[in-house]
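Here is what each chain is made of, one letter per residue.
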Amino acid sequence: MKALALLLAEAQAPEVRLTTQGALIMAICIGLVLALGGFCMYRILREKRPAEHHHVPLEINTRDTNDSWPGAS
Amino acid sequence: MSTWPEVESPQRENWGSKIGVVLAVAGSAVGLGNFLRFPGQAVNNGGGAFMIPYVISFFVVGIPIAWCEWTIGRLGGRLGQNSAPGIMYAIWQRSPSKVLGALALLIPVTIYMYYILLEAWCLDYCIYFVQGGFADLFAKAISGVDSDTAVVTAVVSETTAHFKENCGLNSHGALLRGGRMVWIVLIGFVVNFFIIYQGVTRGIERFCKWAMPLLILCALIILVRVLTLPDISTGLGFMWNPDWASLKNPQVWLAAAGQIFFSLSVGFGLILCYSSYLRENDDVVLTSLSASSTNEFCEVILGGLIVVPTAFLFLGAAHATGGAYGTFGIGFVTVPAIMHFMPLGHFFGAMWFGLLFLAAVTSSLSMLQPAVAFLEDGFGLKRRASVTILGVITAVGATLTMYFSKDLLAIDYTDFWCNVLMILAATGLVIMFGWVIGAERGVQEMNRGADFRVPRFMPVMIRYVTPTFLLVILVAWTATQAGDYLGGMSPAKRSLKYERAAYAGAIGKHFEEAGLSEEELETRTTEILGPQDSPINAASLPEWLLASQEEAQEARAAGPADANVARFVFIGIVVFLIFLTALSDIACRNRIRRTVEQAQRRGAGLEEVGA
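Sequences listed follow chains V and D, in order.
In terms of numbering that gives the first Met the number 0, the first sequence is residues 0 to 72.
In terms of numbering that gives the first Met the number 0, the second sequence is residues 0 to 610.
Incomplete in silico selection of chain V near chain D, CB under 8 Å: (1) Val15; (2) Gln20; (3) Met25; (4) Cys28; (5) Val32; (6) Leu35; (7) Gly36.
Coverage of chain D stretches by chain V, computed from C-beta distances (three or more under 8 Å per stretch; other residues unrestricted): (8) 45-56; (9) 232-238; (10) 280-294.
Hints are computed from structural coordinates only; laboratory data are not their basis.
Using N, Cα and C, we set each Cβ at its ideal position, and we do this for glycine too.
Taking the hints into account, I'd like the entire structure generated from these sequences.
Now the structure itself:
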């Protein structure tokens with residue numbers, strides 16, 4: 000009898016399904032993590048390579064060499 | 000002008016790329032805690048509701064400490080230092096900085112001494128799955144068993160017995176006698192030290208650049224398998240359905256803050272060392288945030304959706320949280336059992352333990368590098384000599400941990416004291432940033448080269464909020480747990496605990512058919528044995544319990560020996576800390592001081608606010 004009562008109680012116990020609240024929290028947490036990760040990866044990957052920064056000063060004519068002046072011999 | 004001779008500055012190493020440093024630091028943080036500890040903590044502390052204190056802790060504790068540590072590390076690197084004692088001394092030339100530096104050296108090395116064992120377990124389980132060992136074990140266990148519940152019980156009993164025997168939980172010295180595990184640990188050692196020997200860029204960065212994506216890819220494949228299982232929503236419900244009432248419990252907030260703190264691996268020297276290899280204007284704000292977000296991806300998405308939901312689906316609530324062995328139970332008892340029930344489980348089992356091994360290796364590397372950097376910076380040793388010395392020290396520690404393997408005693412005690420020291424070190428680091436460097440000046444340094452600036456309230460946060468939060472965690476965590484650990488170091492209390500556990504097992508069996516809840520069983524046990532911590536009166540025991548008297552006496556006799564192991568661990572850590580503090584002091588007075596002076600003469604110091 001005792002075993003039967005236990006089986007009945009187990010059958011009547013509510014099933015643990017994912018509730019709306021649970022699904023919402025899960026979705027928000029996953030969304031937050033993906034948004035933060037996506038933001039960081041976007042900022043890292045869009046950065047220009049250092050070589051591009053170094054390229055510009057080399058093109059400046061400093062006019063400190065003979066051939067940089069117009070008409071210099 | 001200094002009277003010291005010039006020190007030949009070693010060729011400074013730097014990270015090769017920003018993505019490389021992000022993956023290396025994320026690899027240092029991503030470990031067994033993400034995949035095994037986090038789901039266990041969440042499900043035991045309110046399920047989905049746990050995520051509220053967890054997210055708050057991430058922004059109040061995790062991110063500010065990470066930013067502070069990255070900034071201090073990069074500044075130390077500019078002053079020619081890559082080790083915690085050197086970095087601390089370069090910034091604050093007072094005695095407390097030497098202790099703080101020694102702490103940041105002690106914690107990673109001490110953790111490595113037992114972490115290598117966990118790493119070896121992962122590799123061993125991976126190999127065992129590939130060899131089909133678990134398939135044979137389960138086939139034997141379930142032959143002749145018909146009901147579903149009995150199959151679950153038989154499989155879990157088999158994985159529990161395998162874990163206890165294979166990982167040496169049955170007696171001290173069992174692992175060293177076994178042979179197999181010694182070889183696996185040796186393989187782990189060789190892999191770690193080979194990578195460390197290669198250096199920061201050629202070793203750590205190159206390894207993490209392929210290991211981390213591979214690890215995440217494997218976990219994603221397993222995640223897809225898990226989410227396509229029929230009825231997985233019951234498992235997800237068990238893990239994520241919120242119990243809002245749990246938010247009133249301070250223990251839940253403490254657990255969430257602790258999880259964030261230990262998971263991000265911030266504040267105790269790992270990041271300090273890694274960030275010292277950054278260049279002067281490398282971005283610490285974005286890099287730090289990226290590493291933390293990668294860690295959170297592995298923890299919340301991969302850790303939160305795989306193990307516990309699947310364990311609940313196949314094994315039920317009783318086995319989903321690891322039972323008596325907690326996190327280790329989830330990892331090494333529950334997961335192998337799940338794989339028996341999952342389609343293609345043995346393939347996924349091998350993949351799962353393979354990815355855990357990779358995660359453990361990337362974490363181990365970050366524990367070794369600070370000590371290697373200290374030996375190089377502080378004593379001018381070459382890499383080969385530094386790696387050899389560290390190898391010998393960690394081998395001695397790991398052998399002791401392997402020897403005292405009974406009931407995970409050495410691992411448990413070492414982990415507890417390291418955790419206390421970790422919070423202490425992080426508190427010291429944040430106080431140093433906020434009050435010694437100065438929060439405003441520190442934040443200005445933090446923003447140097449940054450892609451975006453940290454929020455304006457960060458100085459206030461670092462000066463007041465984060466240290467207060469950390470002190471609360473330290474006090475509450477120590478108050479709730481230190482009693483047990485200090486009590487466990489007393490032979491009398493430990494004997495009593497073992498004796499009580501033996502009787503409690505017999506009482507549980509006696510009332511098995513009555514279907515008592517855990518609370519009712521606890522009440523009955525207290526009625527029969529008397530209150531906790533008080534001696535058991537054998538004369539007053541019921542007759543049916545007297546049969547267990549011999550077993551209880553045997554258990555009681557093991558108490559003093561185990562209390563000695565617990566005390567040995569504590570004294571060992573204290574002596575090691577004193578030794579490292581003395582070593583740091585010697586290094587700081589000599590070589591480190593000279594290199595700092597040279598760097599300062601080159602104008603590498605901290606700029607004043609507004610400069």
